[in-house]
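**Student:** Sequence:
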Amino acid sequence: MKPPSAFHEMPLPLFGDPDEAAPVALPDGRLPSYIGDHRKRLRERFVERGATALADYEMLELVLFRAIRRQDVKPLARRLIDTFGDFGRVLSASEPRLRDVHGVGDAVIMELKIVEAAAQRLARSKVIHRPVLSSWKALLDYCHTTMAHREVEQFRVLYLDRKNILIADEEQARGTVDHVPVYPREVVKRALEVNASALILVHNHPSGDPTPSEADIAMTDRIRMAADALGIVLHDHLIIGKDTELSFRSSGYL
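Residue numbers (the numbering used here): 1 to 254.
Don't take every hint at face value.
Simulated pairs of lysine-lysine, DSS-like, Cα-Cα distance not exceeding 30 Å [unchecked claim]:
no., residue 1, residue 2
1, K163, K137
2, K163, K189
3, K74, K137
Derived DEER-like restraints, expressed as beta-carbon distance ranges [as the list claims (entries may be wrong)]:
no., residue 1, residue 2, range
4, K137, D86, 30 to 40 Å
5, D141, R162, 42 to 52 Å
6, N195, R99, 38 to 48 Å
7, R78, R49, 18 to 28 Å
8, A55, D221, 36 to 46 Å
9, P75, K40, 11 to 21 Å
10, R249, E95, 33 to 43 Å
11, R99, A218, 22 to 32 Å
12, R121, F46, 14 to 24 Å
13, R43, R249, 40 to 50 Å
14, G252, G103, 46 to 56 Å
No wet-lab data here; the hints were simulated from the structure.
Quick caveat: nothing in here was measured; it's all calculated off a predicted structure.
Don't be surprised by glycine CBs; every beta carbon is placed ideally from N, CA and C.
The task is simple: from the sequences and hints, build the whole structure.
**Tutor:** What follows is the structure, given as structure tokens:
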């Protein structure tokens, strides 16, 4: 006789009632109009029309459905958007700040960080081990995905080989909302370790404005001089803002 399966009586349909929010009446006794089959309708809209048909809070709802079953997650999704500003900033928010939002626990943080990691890995796969200078748009997309929504400055170095293929992408330092400590000697030392022939520097401005500061310009010049002394080319320094970026090369700083 075949032993019973532990999963036989636990079907997990894509759409349906098992994870719909339980109806909770409003103070006047009515049910919110969006509660009935809300998850099913939202999922179907995503499948049929894609992510562009959904507002940021609705995309968050889809993520939260996996973490919180049979509960109306729309209020939590809206609180997260109100707190952090948009979908990307919610995903990249730090764990302590997420926990400050009422209704956020371990399961919610796990789902948010899985989505963030998946987005970063997908973007990285389009640039790593590829010729960077001929995949410039993909590189900018990757930088924005990983850095545009961070709340503190992060400094990354992209190491390229003689054919300008990206061979390493490493976080060099992390700082505050308006400063990140960078040591030119460490940048070029690592370039020698990975046998890099060229560099691209990248850091973000949490303010959203990619205009370089005097400190940014001075730091870039120090790294350029240290790299030149070892025969390493500094192709560019990108500053990533919220919706745009600045290239030192294109702007005449290099």
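**Student:** Each of the hints needs a verdict: does it hold here or not?
**Tutor:** Going through the hints against the structure:
Distance hint between K163 and K137 is fulfilled; the C-alpha atoms sit about 18 Å from each other, no more than 30 Å. For the hint linking K163 to K189, the alpha-carbon distance of about 20 Å falls within 30 Å, and the restraint holds. Between K74 and K137, the direct Cα distance comes to roughly 34 Å. Violation of the 30 Å bound is thereby established for this hinted pair. At about 22 Å, the CB distance of K137 to D86 disagrees with the hint of 30 to 40 Å.
Restraint check, D141 to R162: a C-beta distance of roughly 25 Å breaks the suggested window 42 to 52 Å. Separated by about 42 Å at the C-beta atoms, N195 and R99 satisfy the suggested range of 38 to 48 Å. A hinted range of 18 to 28 Å for the beta carbons of R78 and R49 is consistent with their spacing of about 21 Å. Against the hinted window of 36 to 46 Å, the Cβ-Cβ separation of A55 and D221 comes to about 44 Å, which satisfies the hint.
Look at P75 against K40: about 19 Å separates their beta carbons, and that is inside 11 to 21 Å. The hinted range of 33 to 43 Å is satisfied by R249 and E95, whose Cβ atoms lie roughly 36 Å apart. Between R99 and A218, the C-beta spacing of about 38 Å breaks the proposed range 22 to 32 Å. Judged by the Cβ atoms, the range 14 to 24 Å given for R121 and F46 holds: they are separated by roughly 21 Å.
Taking 40 to 50 Å as the suggested C-beta distance range, the pair R43 and R249 conforms, at roughly 45 Å. For the pair G252 and G103, the supplied restraint of 46 to 56 Å holds, since their beta-carbon distance comes to about 48 Å.
Comparing the model with each numbered hint stated earlier shows that hints 3, 4, 5 and 11 do not hold.
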